[in-house]
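S.K.: Please build the complete structure, drawing on both the sequences and the hints.
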Amino acid sequence: MADTALQAVRGGEVVRPLRPEPPAAAVLIAFLTALFVVLGLLIVPGSSITAQPTLRHQEAFVRQLVFATIGTVVAAVAARLPDRFWLRVAPAAYLLAVAGLAVLLMPGVTRPINGARRWFVLGPITVQWSEFARLAVILYTARRAAAVTATGGGDGPRWRWPDTFGCLGPGLIAAALVVAEPDFGGGLLIAVLTLAVAFLGGLPVTHLVALGIAGGAVTVLALLAEPYRMARIVGFVQAWSHLADAPYQVKQSILSFVSGGLWGTGLGAGWQKLGFLPEASTDYVFAVIGEELGLVGALLIIAGWVAFLWSGWLLAAAAPTAFGQLAVRGLVLALTLQALIHIAVVLALLPPKGIGLPFISYGGSNLTASLLAVGLVLGLSRCRSLESADGAAA
Amino acid sequence: MNRTRSWIVCSVLTAGLLVAAARACYVAVRVAPELFPAVSRQRGHRERIPAPLGDIVDRRGRLLATCTPVYSLYANPRALGQGDLERRLAPIAAILDVRPEDLAARIRRRSDRYFVWLKRRLSEQELAELSRLSLDPREFGFRREYQRIYPKGSLAAHVLGFRDVDLEPHGGIEQYFDRLLRGQPGSRYVYRDARGRPIHFDHRRRRDPVPGATVQLTIDAVIQQFAEDAVRNVVAQWQPRGGAVCLVMDPNTGELLALASWPTFDPNRPGAAPEDAWLNRAIGAIYEPGSTFKPFIAAAALNWGVVSPEDKIDCHGGVYRMGRRVLHSVHPHGILPFREVLIRSDNIGMAVIAERLGLEGVFRAVELFGFGQRTGVELPGEVPGKVLPFHLWNRYSLGSIPMGHEIGVTPIQLLRAFAALANGGYLLRPTLVRRVLAADGTVKLIHDRPEVLRRVVRSEVTEYLVQDVLRDVIEAPYGTGRRARLADYVLFGKTGTAQKPNPAGGGYMKGRHVSSFVAGGPLRAPEVVAYLLVDDPSGPGHHYGGEVAAPELARMLERTLRYLRVPPDRASRGKTAANVPAPPDESSARALLR
Numbered sequence: 001m002a003d004t005a006l007q008a009v010r011g012g013e014v015v016r017p018l019r020p021e022p023p024a025a026a027v028l029i030a031f032l033t034a035l036f037v038v039l040g041l042l043i044v045p046g047s048s049i050t051a052q053p054t055l056r057h058q059e060a061f062v063r064q065l066v067f068a069t070i071g072t073v074v075a076a077v078a079a080r081l082p083d084r085f086w087l088r089v090a091p092a093a094y095l096l097a098v099a100g101l102a103v104l105l106m107p108g109v110t111r112p113i114n115g116a117r118r119w120f121v122l123g124p125i126t127v128q129w130s131e132f133a134r135l136a137v138i139l140y141t142a143r144r145a146a147a148v149t150a151t152g153g154g155d156g157p158r159w160r161w162p163d164t165f166g167c168l169g170p171g172l173i174a175a176a177l178v179v180a181e182p183d184f185g186g187g188l189l190i191a192v193l194t195l196a197v198a199f200l201g202g203l204p205v206t207h208l209v210a211l212g213i214a215g216g217a218v219t220v221l222a223l224l225a226e227p228y229r230m231a232r233i234v235g236f237v238q239a240w241s242h243l244a245d246a247p248y249q250v251k252q253s254i255l256s257f258v259s260g261g262l263w264g265t266g267l268g269a270g271w272q273k274l275g276f277l278p279e280a281s282t283d284y285v286f287a288v289i290g291e292e293l294g295l296v297g298a299l300l301i302i303a304g305w306v307a308f309l310w311s312g313w314l315l316a317a318a319a320p321t322a323f324g325q326l327a328v329r330g331l332v333l334a335l336t337l338q339a340l341i342h343i344a345v346v347l348a349l350l351p352p353k354g355i356g357l358p359f360i361s362y363g364g365s366n367l368t369a370s371l372l373a374v375g376l377v378l379g380l381s382r383c384r385s386l387e388s389a390d391g392a393a394a
Numbered sequence: 395m396n397r398t399r400s401w402i403v404c405s406v407l408t409a410g411l412l413v414a415a416a417r418a419c420y421v422a423v424r425v426a427p428e429l430f431p432a433v434s435r436q437r438g439h440r441e442r443i444p445a446p447l448g449d450i451v452d453r454r455g456r457l458l459a460t461c462t463p464v465y466s467l468y469a470n471p472r473a474l475g476q477g478d479l480e481r482r483l484a485p486i487a488a489i490l491d492v493r494p495e496d497l498a499a500r501i502r503r504r505s506d507r508y509f510v511w512l513k514r515r516l517s518e519q520e521l522a523e524l525s526r527l528s529l530d531p532r533e534f535g536f537r538r539e540y541q542r543i544y545p546k547g548s549l550a551a552h553v554l555g556f557r558d559v560d561l562e563p564h565g566g567i568e569q570y571f572d573r574l575l576r577g578q579p580g581s582r583y584v585y586r587d588a589r590g591r592p593i594h595f596d597h598r599r600r601r602d603p604v605p606g607a608t609v610q611l612t613i614d615a616v617i618q619q620f621a622e623d624a625v626r627n628v629v630a631q632w633q634p635r636g637g638a639v640c641l642v643m644d645p646n647t648g649e650l651l652a653l654a655s656w657p658t659f660d661p662n663r664p665g666a667a668p669e670d671a672w673l674n675r676a677i678g679a680i681y682e683p684g685s686t687f688k689p690f691i692a693a694a695a696l697n698w699g700v701v702s703p704e705d706k707i708d709c710h711g712g713v714y715r716m717g718r719r720v721l722h723s724v725h726p727h728g729i730l731p732f733r734e735v736l737i738r739s740d741n742i743g744m745a746v747i748a749e750r751l752g753l754e755g756v757f758r759a760v761e762l763f764g765f766g767q768r769t770g771v772e773l774p775g776e777v778p779g780k781v782l783p784f785h786l787w788n789r790y791s792l793g794s795i796p797m798g799h800e801i802g803v804t805p806i807q808l809l810r811a812f813a814a815l816a817n818g819g820y821l822l823r824p825t826l827v828r829r830v831l832a833a834d835g836t837v838k839l840i841h842d843r844p845e846v847l848r849r850v851v852r853s854e855v856t857e858y859l860v861q862d863v864l865r866d867v868i869e870a871p872y873g874t875g876r877r878a879r880l881a882d883y884v885l886f887g888k889t890g891t892a893q894k895p896n897p898a899g900g901g902y903m904k905g906r907h908v909s910s911f912v913a914g915g916p917l918r919a920p921e922v923v924a925y926l927l928v929d930d931p932s933g934p935g936h937h938y939g940g941e942v943a944a945p946e947l948a949r950m951l952e953r954t955l956r957y958l959r960v961p962p963d964r965a966s967r968g969k970t971a972a973n974v975p976a977p978p979d980e981s982s983a984r985a986l987l988r
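Taken in order, these protein sequences are the chains called A and B. Using the numbering used here, read the first sequence as starting at 1 and increasing by one per residue. Using the numbering used here, read the second sequence as starting at 395 and increasing by one per residue.
Some hints could be false.
As the list claims (entries may be wrong) - Within a straight-line C-alpha distance of at most 20 Å, the following computed SDA-like cross-link-like pairs (lysine to any residue) qualify:
id, chain 1, residue 1, chain 2, residue 2
1, A, K251, B, Y420
2, A, K251, B, A426
3, B, K513, B, E495
4, A, K251, B, R758
5, A, K251, B, E495
6, B, K838, B, Y872
I should point out that these hints are in silico values taken from the structure, not numbers from a laboratory.
M.R.: Written out as structure tokens, the structure reads:
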């Protein structure tokens with residue numbers, strides 16, 4: 001199946017000349033990534049205003065620095081591997097990811113942290129498995145979608161329901177396992193990404209509508225079954241404009257965000273993260289950005305993500321295979337969507353979900369996985385396969 | 395197809411980010427103004443650094459009021475939390491000698507605050523023991539405050555006033571010059587984290603406190619002591635039911651050298667004082683002055699030429715009908731020379747002189763000498779006295795007012811008017827303050843020359859009255875103030891014995907008097923005038939001013955003149971009028987200065 005996907009491209013019209021220089025979009029992505037990582041390092045508690053950071057703060061800073069280094073190395077290695085490699089390992093990666101998620105749920109294997117089984121504890125470090133599982137799901141879904149498209153023949157793909165299930169099934173299984181941790185936000189993110197990759201890969205609109213109706217019905221039933229969920233949603237929507245009624249962390253988040261004014265208090269000079277804002281360096285780091293860099297800084301960060309998305313999209317077009325294109329778009333989507341959800345939560349547009357801002361939020365798994373994703377994006381979008389194909393022909 | 399889908403997904407996500415950007419702007423512009431007060435309150439606050447209070451010193455720089463730093467213990471209820479307070483507070487409670495439950499209750503009442511006092515003004519021992527507990531600085535702390543100290547105890551209490559535990563002034567110079575004495579408190583900006591722990595002091599936003607200014611009084615602590623001794627002596631001897639006042643003034647400058655009012659209090663322990671001790675009777679109480687008022691009417695009459703020193707005044711043998719009223723003299727006299735009307739203090743003679751002045755003339759004389767008007771001395775609570783408006787005066791007034799009845803004056807008004815006689819006819823504004831010096835040495839206020847309100851009478855008149863008439867009130871064997879005669883100094887003065895008006899209204903109370911004596915010395919160039927008033931003496935004898943007040947005031951003046959190193963008027967051979975020999979002044983002065 002893997003070979004057919006590659007051959008489809010080789011036989012197709014998508015043959016581009018080898019470019020010695022990396023495209024501007026790749027440079028921009030690398031630059032934005034570096035910028036975000038450095039910003040994250042400056043915002044973690046270790047560089048706060050207190051003249052003498054506590055040992056814990058210093059440790060946090062060092063950890064973030066260590067993971068940034070590890071992630072950069074991982075990304076550099078990933079970027080050098082050919083897309084064929086990723087195509088081949090995608091099923092294995094997916095199986096490993098699902099197995100890991102299943103093991104996490106087994107009683108006795110891990111100790112729940114804050115009531116959730118999301119982490120593998122390996123000595124001094126904890127690994128949030130779903131961060132890596134997400135990447136594996138994207139790669140595997142991209143492979144399946146590309147395969148369906150490839151089997152369609154010259155006059156276009158012909159999706160059938162089994163194709164749809166085959167394409168969406170693995171992703172939804174992984175999503176369900178993440179939801180069971182419980183991590184509703186993380187599971188939803190994986191499900192949405194699976195759907196998006198399938199859609200980009202050619203999932204018929206009729207199937208999408210049917211799935212949408214089914215999903216909508218399930219949602220309505222779930223809401224009707226537990227009236228408090230409905231009340232919670234209504235309450236949250238009301239809080240969009242009446243922040244005084246919002247829950248504590250939402251209020252603190254908005255408070256922090258606006259307290260920077262237009263230009264912010266300056267990097268490291270924020271106060272809200274010193275205990276007022278819960279999870280300031282992870283789930284609400286964008287609020288800290290608002291305080292320390294002001295509205296202008298926050299808008300620049302959002303603009304950075306728009307640039308990240310568009311550069312990713314441009315790079316994807318350069319990917320030589322359908323799998324490569326889908327995987328690159330899926331990964332860029334994963335990072336950007338995660339950022340969007342994080343920002344929306346901070347600005348009280350979405351209910352608190354516990355999703356970090358890629359590259360910037362404190363946390364080794366998030367940082368390493370995000371850097372790995374960037375490495376994949378840069379690697380898959382290069383014409384390495386063509387290069388090797390040429391080599392084989394000669 | 396593929397391109398379109400790719401474009402759709404990219405657009406949707408871009409739109410999402412744009413919505414987020416719009417939301418960020420909305421939140422920053424619309425929500426920020428509403429939330430900002432909450433943000434700044436949460437972050438930190440300005441903390442006062444108290445300024446040391448200015449000192450109050452006497453005219454020679456002796457310390458009358460100062461302040462010392464003292465530490466007070468506070469707790470941070472936010473940091474302490476709620477759990478198990480009694481057990482954690484037990485060691486503190488043991489040192490402060492209170493019950494742990496009381497401290498815990500105090501903290502629980504303010505559980506949402508960052509600050510609550512546990513004990514103000516710790517003693518040094520308490521501070522030392524508490525320091526040894528090594529309390530968590532997030533939960534407890536000591537704050538440096540200032541405590542007012544009056545090193546000389548109750549001396550000049552009514553001049554000084556006092557301050558409570560929050561250093562709020564009550565009465566006296568403390569209240570009158572509060573703004574200058576307080577200085578400017580400084581402040582520092584303290585940032586706290588969510589649990590109320592101070593995490594940073596912003597030195598750029600620190601303002602250093604400006605210490606309060608030093609107030610130098612005109613009071614001389616030694617003379618003040620003499621005055622208070624005099625008051626104490628008359629109180630011991632005569633058990634006055636109403637109180638007593640002693641005032642000493644430099645007639646040439648209007649500077650008050652002493653002001654004593656009894657009953658008095660210790661400003662270090664204001665709580666222990668009796669209720670009636672707060673009133674400063676020298677400025678805040680009005681009395682009918684009695685015969686001490688006569689010299690002013692006489693001076694006006696001489697000044698305006700309605701009588702002359704050579705005139706003979708018919709005293710009508712002690713009974714004189716004025717309209718429907720019959721006046722009586724204590725000692726009946728026939729025809730007296732003008733001077734003897736005053737020396738013998740004949741009421742009828744005085745009424746006859748007043749008749750020559752006329753009702754309006756008496757009224758003008760009363761106003762001229764400043765009665766019915768606040769003197770403007772630097773003390774809160776001064777009253778203007780009680781002089782009825784002219785249209786309410788009647789024929790009775792002509793008989794009563796010249797002998798110091800039907801008129802209410804404050805002791806300071808009376809002494810000021812008397813000083814005008816002693817200084818050649820200038821009515822001065824009495825003052826208690828020589829200068830106020832800010833901590834940086836700048837002069838905030840200075841009195842380096844007397845403040846003359848007006849010239850009241852010609853100097854020939856005052857010279858005659860003082861040198862001749864008022865001298866013989868004391869020097870003449872028939873003078874009412876003969877008990878004030880001193881061996882070394884020649885004084886001048888006037889006695890006063892006023893019946894107390896019935897507070898129930900109408901008439902006077904029999905056997906209830908205000909006995910007073912106003913005097914000055916030395917005769918040739920008066921340097922000091924003084925007034926002693928005893929309200930309602932209860933001891934044996936006739937409560938004449940010449941008997942109750944004159945000897946004690948004379949002794950006080952003698953000590954004062956000696957202390958001021960005024961050369962004696964005559965070689966010491968005559969007998970001192972005072973019954974008890976004066977204690978050596980130098981030793982008492984030294985005792986005071988310890």
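S.K.: Run the structure past the numbered hints and jot down the numbers of the failing ones, going up.
M.R.: 4, 5, 6
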